[in-house]
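S.K.: So the sequence shown is numbered by the UniProt record's numbering: it starts at 1 and just counts up by one.
If you're looking for bench data, these hints aren't it; they were derived computationally from the structure. Idealized CB from N, CA, C, for every residue including glycine. Hints are supplied without guarantee of correctness; some may be wrong.
[What the hints assert, rightly or not] Pair ranges (Cβ atoms, derived): (1) Met202 with Arg240: 23 to 29 Å; (2) Thr140 with His119: 41 to 47 Å; (3) Pro57 with Gln256: 36 to 42 Å; (4) Asp62 with Ala223: 27 to 33 Å; (5) Asp141 with Asp189: 25 to 31 Å; (6) Gln276 with Met202: 28 to 34 Å; (7) Arg257 with Arg69: 32 to 38 Å.
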Amino acid sequence: MIQLLPVTETIFRMVARSVFMIAATFPVAATATENEPTDREPVAHPVAKQVATDGDPIRVHDVRSRFVRGPCQIRVLVPDNISSGDRLPVVFVLPVEAGRESRYGDGMTEILRADLHNHHRAVFVSPTFPRLPWYADHPTDPKLRQESHLLKFVVPWVGQHYPVSDARYLLGFSKSGWGAWTLLLRHSDTFRRAAAWDAPMMMDRVGRYGSGPIFGNQEQFDAYRVTTLLRSNAEEFTARPRLILTGFDNFREHHQRVHSLLDELGIPHQYRDGPQRDHRWDSGWIVEAAELLMNDNR
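Using the sequences plus the hints, can you model the full thing?
M.R.: Printed below as a string of structure tokens:
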């Protein structure tokens, strides 16, 4: 072992102390990835850090959440004019595909095309999911908790980075229409209203439409089953219409049957039986659904 002489040892300690002080003064630069939300108050400004979007008004944020396996994004569209102190309603546009896949179109693109963020003066948010989104937590896999990702990561993250109020709305179609309703029915204190278009509301068995790997088993599926949730929570939804169901392509029978069930349970709701449109984001249904969703007086 090398023995330091007294003078050499003193010099060594002085150099080490200087290196430590320099390192403390210049911390490692932060990456572009947004991490878990904290318990701090939301920031006062309306613009959060974002990934380059080549002039696209839809802001894209790379995020990592402990509830899902792999990187995700949160896409945000804000009104053109926001004043200091504004707190705007927020609409969660729920995707029907994993990641940024767009075989059925893109919900945020349709929101932008119709200028709904300005028309309703609302912040529109669309999170991504590494796996096919059914908005449920897997019973055993801690990295396949889609419901928790939305509730415990996305919702507080948006509140910390954008000027939103606690008026939260859900918009989706097909499996994300199912998800919009189940999220509201299971968390009525978090969300105000939910709109679904062409969704399999009467589905009663796990495994259809890629749902098997997400729910894991029938017991877990039953905890999210729309008809069960409606029956068990009926009294909570009798005061005013909070559920919206519009149009169809593949699932008209599902809509008709759940509409009858809502009437039977005495749950007020907004219902439109048609017109029939293609099973896509861009088939023309989104404007009416958003109008019904955002008009709390109906």
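S.K.: Each hint should be assessed against the structure and marked as holding or not.
M.R.: Structure-based check of all given hints:
no., hint, result
1, Met202 with Arg240: 23 to 29 Å, "24 Å, holds"
2, Thr140 with His119: 41 to 47 Å, "44 Å, holds"
3, Pro57 with Gln256: 36 to 42 Å, "38 Å, holds"
4, Asp62 with Ala223: 27 to 33 Å, "31 Å, holds"
5, Asp141 with Asp189: 25 to 31 Å, "27 Å, holds"
6, Gln276 with Met202: 28 to 34 Å, "18 Å, violated"
7, Arg257 with Arg69: 32 to 38 Å, "36 Å, holds"
In summary, the structure is inconsistent with hint 6 from the numbered list given earlier, while agreeing with all the others.
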